[in-house]
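A.B. asks: Which chain is which? The protein sequence lines are G and B, in order.
Under the working numbering, the residues of the first sequence are numbered 1 to 113, in order.
Under the working numbering, the residues of the second sequence are numbered 1 to 111, in order.
Hints were generated in silico from the structure; no laboratory data involved.
Incorrect hints may have been included.
To be verified - No farther apart than 35 angstroms at their CA atoms in a straight line, the calculated lysine-lysine pairs in the DSBU-like style are these:
| hint | chain 1 | residue 1 | chain 2 | residue 2 |
| --- | --- | --- | --- | --- |
| 1 | B | Lys103 | B | Lys79 |
| 2 | G | Lys57 | B | Lys103 |
| 3 | B | Lys79 | G | Lys57 |
| 4 | B | Lys45 | G | Lys57 |
| 5 | B | Lys103 | B | Lys45 |
| 6 | B | Lys45 | B | Lys79 |
| 7 | B | Lys79 | B | Lys42 |
| 8 | B | Lys42 | B | Lys103 |
As a plain string of letters, each chain reads:
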Amino acid sequence: IAGITQAPTSQILAAGRRMTLRCTQDMRHNAMYWYRQDLGLGLRLIHYSNTAGTTGKGEVPDGYSVSRANTDDFPLTLASAVPSQTSVYFCATGRVAGYNEQFFGPGTRLTVL
Amino acid sequence: RKEVEQDPGPFNVPEGATVAFNCTYSNSASQSFFWYRQDCRKEPKLLMSVYSSGNEDGRFTAQLNRASQYISLLIRDSKLSDSATYLCVVNQNSGYSTLTFGKGTMLLVSP
Chain G
1 IAGITQAPTS QILAAGRRMT LRCTQDMRHN AMYWYRQDLG LGLRLIHYSN TAGTTGKGEV
61 PDGYSVSRAN TDDFPLTLAS AVPSQTSVYF CATGRVAGYN EQFFGPGTRL TVL
Chain B
1 RKEVEQDPGP FNVPEGATVA FNCTYSNSAS QSFFWYRQDC RKEPKLLMSV YSSGNEDGRF
61 TAQLNRASQY ISLLIRDSKL SDSATYLCVV NQNSGYSTLT FGKGTMLLVS P
């Protein structure tokens, strides 16, 4: 693994279905983040984790949940997908929460029909 | 006032031109500032960090004015490959805070 990987690359999902977006890093960074990016709205933070075992809510957390069982993995789950969750999702990592630059994965393009 | 504001552009410039982007932020306690570059349908990538009064990296110069809460990015001798969206990013400096991203300024460099 080189850096940050996300899976799947893209997905078309029926409304009401459950979906987990995966994010894995090998950079040993403490902090991890999930963003969504929509045209005209920019990047918006969904959830974050400052270190393994802790998570926090970002700007748009409703309809999403996360877990951080270890340093490397930070999955994002949509319990019951809705069309408004159609977006590009980026996972990011940072050495120290909040103060250092963040590094982004390649993104997951999700379409909810 | 929005937390991080940028002119959305697009800025259309010819190759070789000098172009400057501006960004304002609302939180006077912010301490970390960055410029990211994002190509179409790709992830944002760190272009420059701006930690003090500004810094330069080749054709790129970033400047910070804390009194005016203003950050700029200057690109000299523009290349076709500079065409992208440039995101201004600010740390809000409130405990375990997170970065706030501007919506980005699009740059189109033409031959």
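A.B. asks: Each hint needs a verdict: does it hold in this structure or not?
C.D. replies: Hint by hint, here is what the structure shows:
1. Taking the CA atoms of Lys103 of chain B and Lys79 of chain B, the gap is about 23 angstroms. The hint holds against a cut of 35 angstroms.
2. Of the supplied pair hints, the one linking Lys57 of chain G and Lys103 of chain B holds, its CA atoms being roughly 21 angstroms apart against a limit of 35 angstroms.
3. Between the alpha carbons of Lys79 of chain B and Lys57 of chain G the distance comes to roughly 40 angstroms, so the proposed pair goes past 35 angstroms and is violated.
4. Of the supplied pair hints, the one linking Lys45 of chain B and Lys57 of chain G holds, its CA atoms being roughly 24 angstroms apart against a limit of 35 angstroms.
5. Restraint check: the Cα-Cα separation between Lys103 of chain B and Lys45 of chain B comes to about 14 angstroms, which is no more than 35 angstroms; the hinted pair holds.
6. Proposed proximity of Lys45 of chain B and Lys79 of chain B is supported: the alpha carbons are some 18 angstroms apart, at most 35 angstroms.
7. With a C-alpha separation of about 19 angstroms, the suggested pairing of Lys79 of chain B with Lys42 of chain B holds against the 35 angstroms cut-off.
8. Restraint check for Lys42 of chain B and Lys103 of chain B: satisfied, since their Cα atoms lie roughly 15 angstroms apart, inside the 35 angstroms limit.
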